[in-house]
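From first to last, the protein sequence lines stand for chains A and B. When you read off a place in the first sequence, starting at 1, and then add 38, the result is the number in the numbering used here. When you read off a place in the second sequence, starting at 1, and then add 7, the result is the number in the numbering used here.
Calculated from the structure, these hints are not laboratory results. Hints are supplied without guarantee of correctness; some may be wrong.
[Stated by the list, open to error] Result set (EDC-like, lysine to aspartate or glutamate): computed pairs, CA atoms no more than 20 Å apart in a straight line:
1. B:Lys58 / B:Glu46
2. B:Lys142 / B:Glu250
3. B:Lys109 / B:Asp268
4. A:Lys72 / B:Glu19
5. A:Lys73 / B:Glu19
6. A:Lys152 / A:Glu62
7. B:Lys58 / A:Glu143
8. B:Lys313 / B:Glu377
9. B:Lys140 / B:Glu42
10. B:Lys364 / B:Glu94
11. B:Lys58 / B:Glu42
12. A:Lys68 / B:Glu19
13. B:Lys58 / A:Glu62
14. B:Lys29 / A:Asp89
15. B:Lys104 / B:Glu223
16. A:Lys92 / B:Glu19
17. A:Lys93 / B:Glu19
18. A:Lys93 / A:Glu69
19. A:Lys41 / A:Asp54
20. B:Lys104 / B:Glu360
[To be verified] A partial selection of chain B residues facing chain A, derived with a Cβ cut-off under 7 Å:
21. Gly17
22. Glu19
23. Phe40
24. Gly62
25. Asp63
26. Thr120
27. Phe224
28. Tyr396
[Stated by the list, open to error] What follows is a set of in silico ranges between Cβ atoms, one per label pair, in the way DEER data are often shown:
29. A:Lys92 / B:Arg54: 33 to 39 Å
30. B:Gly56 / A:Lys92: 34 to 40 Å
31. A:Ile154 / B:Leu389: 56 to 62 Å
32. A:Arg71 / B:Ile39: 24 to 30 Å
33. B:Lys58 / A:Gly60: 37 to 43 Å
34. B:Glu362 / A:Val172: 49 to 55 Å
35. B:Asn77 / A:Ser67: 30 to 36 Å
36. A:His173 / B:Thr124: 37 to 43 Å
37. A:Thr151 / B:Glu355: 33 to 39 Å
38. A:Arg58 / B:Met8: 34 to 40 Å
39. A:Val74 / B:Asp245: 53 to 59 Å
40. A:Val74 / B:Lys395: 56 to 62 Å
Ideal Cβ placement from N, Cα and C applies to all residues, glycine included.
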Amino acid sequence: MVKVMVYPPTSMILADLVERTGHEALVVSKEVRKKVNTPGLDSPPLNMTPDDPKKGLKYAAVDVPSGVRGRMALLGPMIEEADAAIVIRGDDCTLGCTGCARTNELTRFLLKTKRIPLIELDYPEDEFSAKQFVHKIREFLEGLN
Amino acid sequence: MIRIAQLSCGPEYSGIQGELEKAAEMVGAELIFPEVSLEDVRNVEERFGIKVASGDLNLAMARATRIVENPDLADAVFVATCFRCAEGAIVRSEIRKYIHEKSRIPVLSYSFTERTTAETLLTRMEALVTTAKFKGLLSRERQTGLTAGIDSGSTTTKAVVMKDNQIIGTGWVPTTEVIKSAEAAYNAALESAGVKREEIEGLGTTGYGRHLVGKEFGAKLIQEEITVNSKGAVFLADAQKGEATVIDIGGMDNKAISVQDGIPGTFTMGGICAGASGRFLELTARRLGVDITELGKLALKGDHRKVPMNSYCIVFGTQSLVNSLSRGSRPEDVAMAACHSVAEQVFEQQLQEVEVKEPVIMVGGTALIEGLPRAMEQLLGLKVMVPKYAQYIGCVGASLLVSGLVED
Numbered sequence: 039m040v041k042v043m044v045y046p047p048t049s050m051i052l053a054d055l056v057e058r059t060g061h062e063a064l065v066v067s068k069e070v071r072k073k074v075n076t077p078g079l080d081s082p083p084l085n086m087t088p089d090d091p092k093k094g095l096k097y098a099a100v101d102v103p104s105g106v107r108g109r110m111a112l113l114g115p116m117i118e119e120a121d122a123a124i125v126i127r128g129d130d131c132t133l134g135c136t137g138c139a140r141t142n143e144l145t146r147f148l149l150k151t152k153r154i155p156l157i158e159l160d161y162p163e164d165e166f167s168a169k170q171f172v173h174k175i176r177e178f179l180e181g182l183n
Numbered sequence: 008m009i010r011i012a013q014l015s016c017g018p019e020y021s022g023i024q025g026e027l028e029k030a031a032e033m034v035g036a037e038l039i040f041p042e043v044s045l046e047d048v049r050n051v052e053e054r055f056g057i058k059v060a061s062g063d064l065n066l067a068m069a070r071a072t073r074i075v076e077n078p079d080l081a082d083a084v085f086v087a088t089c090f091r092c093a094e095g096a097i098v099r100s101e102i103r104k105y106i107h108e109k110s111r112i113p114v115l116s117y118s119f120t121e122r123t124t125a126e127t128l129l130t131r132m133e134a135l136v137t138t139a140k141f142k143g144l145l146s147r148e149r150q151t152g153l154t155a156g157i158d159s160g161s162t163t164t165k166a167v168v169m170k171d172n173q174i175i176g177t178g179w180v181p182t183t184e185v186i187k188s189a190e191a192a193y194n195a196a197l198e199s200a201g202v203k204r205e206e207i208e209g210l211g212t213t214g215y216g217r218h219l220v221g222k223e224f225g226a227k228l229i230q231e232e233i234t235v236n237s238k239g240a241v242f243l244a245d246a247q248k249g250e251a252t253v254i255d256i257g258g259m260d261n262k263a264i265s266v267q268d269g270i271p272g273t274f275t276m277g278g279i280c281a282g283a284s285g286r287f288l289e290l291t292a293r294r295l296g297v298d299i300t301e302l303g304k305l306a307l308k309g310d311h312r313k314v315p316m317n318s319y320c321i322v323f324g325t326q327s328l329v330n331s332l333s334r335g336s337r338p339e340d341v342a343m344a345a346c347h348s349v350a351e352q353v354f355e356q357q358l359q360e361v362e363v364k365e366p367v368i369m370v371g372g373t374a375l376i377e378g379l380p381r382a383m384e385q386l387l388g389l390k391v392m393v394p395k396y397a398q399y400i401g402c403v404g405a406s407l408l409v410s411g412l413v414e415d
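All chains, full assembly: derive it from the sequences and hints.
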């Protein structure tokens, strides 16, 4: 079993595909769950605090907007943890979305330069390409074993 | 409860969503998030005019279209994006213009960092809520009876006494201890009006020290500067009907307010550094060895193009000042360059965030430094009006508005 980061990192469909092949999916929802379930004084629902954009400084400089750095405080450790990655190009917002294009660009860049097994695919537009899409991902995931 | 629609990208990930909610709660409002469908987001380009790469910004634009179509959804709108995000800044500005053009809902636009706190936002939120909640009071055009206003500012404390729509007494002192300064300014205004304190039917306070002074003096109205200054400005400039733009360059921060019938529509409040405030002009006057009241007249004789000056930061501005004098620049050119530099920053940083419509009214003590409104006229290419009693704008607005409460 390897840890596979999916991009968009909020995609539950990709996370499900990863877990069905016995790997561990690294997705934002799990990180958020940790934030919500870890006891603390901070307010729900995300339990993000002004300290998070500071943690994000590890991945983006101080002149990068705080929203990007805050998001990177969630995504950065996931990228570090990843043994493999699935990246979808031209992502439709229904597949999953971090809300910020700059965060998306930085996440894709960090994943691609990490030198881990990575598959990059276009988002399918019809049923035939959707089947091909699932097939290619499954093949990639099985190859990780 | 006033409902403020939040159209934003990034505050939750910046860790400041709690601060936004706290600021809204402090002024008796709640933040709401208008519901939109997936189709609204997908079709945002057709309905709003643009679509951008960031999903949250598209969502904010979709929400803006919903609000314009259903104005009952919200009483006011708060548009917020991350500081230093170009895409966010473009969308924020377009949302503000869109709502301003297509509805009468007041809009506050703000760019935040992770250091934004509820306290920073309080005056702005208070103004937004007042504009939405007290339209009746704000539409008041005449002062009646015998009322007074105290403006407890960061640099100076001012007071006026008004009777039957006329200013009959004024007082002005530098701010040191808030209560003592207010006492001195109020006494001076009462004395010049020939009125005893117990005769005053209603007192209104504004400015940074408004709460403390208001409590101490038993004020009937304690109000932030944005609504009060708008009212005072259009009253003194005799521009109560129609559009107007109010520019107030203060000792600590600046305000640019787009006004419709005396009520703020969109506004910004800020100032990156003291270099864009009256403080820099005070410093310039001191360095030139002239009284601040003489700086403006001196500046009118000068040419700003002869002295390169950028007071984006007060330290760099001071360096430019010292260097230009040591190079033998004429004091009048330096004075005008300082005025131009301050005006330029307000023009670049704040006037781009509001709709500049004539008449343009400059108020506050800095408006009396003649070089400053002249520099603003050059930058805007429009005539700038400085009404009589421009430095008493806040207390005049407070005195006028409190007379409405006395009547009620």
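For each hint, the structure was consulted:
| no. | hint | verdict |
| --- | --- | --- |
| 1 | B:Lys58 / B:Glu46 | holds, 13 Å |
| 2 | B:Lys142 / B:Glu250 | holds, 16 Å |
| 3 | B:Lys109 / B:Asp268 | holds, 17 Å |
| 4 | A:Lys72 / B:Glu19 | holds, 16 Å |
| 5 | A:Lys73 / B:Glu19 | holds, 13 Å |
| 6 | A:Lys152 / A:Glu62 | holds, 18 Å |
| 7 | B:Lys58 / A:Glu143 | holds, 17 Å |
| 8 | B:Lys313 / B:Glu377 | holds, 19 Å |
| 9 | B:Lys140 / B:Glu42 | violated, 23 Å |
| 10 | B:Lys364 / B:Glu94 | violated, 26 Å |
| 11 | B:Lys58 / B:Glu42 | holds, 18 Å |
| 12 | A:Lys68 / B:Glu19 | holds, 17 Å |
| 13 | B:Lys58 / A:Glu62 | violated, 35 Å |
| 14 | B:Lys29 / A:Asp89 | holds, 18 Å |
| 15 | B:Lys104 / B:Glu223 | violated, 41 Å |
| 16 | A:Lys92 / B:Glu19 | holds, 14 Å |
| 17 | A:Lys93 / B:Glu19 | holds, 15 Å |
| 18 | A:Lys93 / A:Glu69 | holds, 14 Å |
| 19 | A:Lys41 / A:Asp54 | holds, 13 Å |
| 20 | B:Lys104 / B:Glu360 | holds, 9 Å |
| 21 | Gly17 | holds, 3 Å |
| 22 | Glu19 | holds, 6 Å |
| 23 | Phe40 | violated, 13 Å |
| 24 | Gly62 | holds, 4 Å |
| 25 | Asp63 | holds, 3 Å |
| 26 | Thr120 | holds, 5 Å |
| 27 | Phe224 | violated, 37 Å |
| 28 | Tyr396 | violated, 42 Å |
| 29 | A:Lys92 / B:Arg54: 33 to 39 Å | holds, 38 Å |
| 30 | B:Gly56 / A:Lys92: 34 to 40 Å | holds, 36 Å |
| 31 | A:Ile154 / B:Leu389: 56 to 62 Å | holds, 59 Å |
| 32 | A:Arg71 / B:Ile39: 24 to 30 Å | holds, 26 Å |
| 33 | B:Lys58 / A:Gly60: 37 to 43 Å | holds, 39 Å |
| 34 | B:Glu362 / A:Val172: 49 to 55 Å | holds, 52 Å |
| 35 | B:Asn77 / A:Ser67: 30 to 36 Å | holds, 32 Å |
| 36 | A:His173 / B:Thr124: 37 to 43 Å | violated, 52 Å |
| 37 | A:Thr151 / B:Glu355: 33 to 39 Å | holds, 37 Å |
| 38 | A:Arg58 / B:Met8: 34 to 40 Å | violated, 47 Å |
| 39 | A:Val74 / B:Asp245: 53 to 59 Å | holds, 57 Å |
| 40 | A:Val74 / B:Lys395: 56 to 62 Å | holds, 59 Å |
Figure legend: structure checked against the earlier numbered hints; hints not met, in rising order: 9, 10, 13, 15, 23, 27, 28, 36 and 38.
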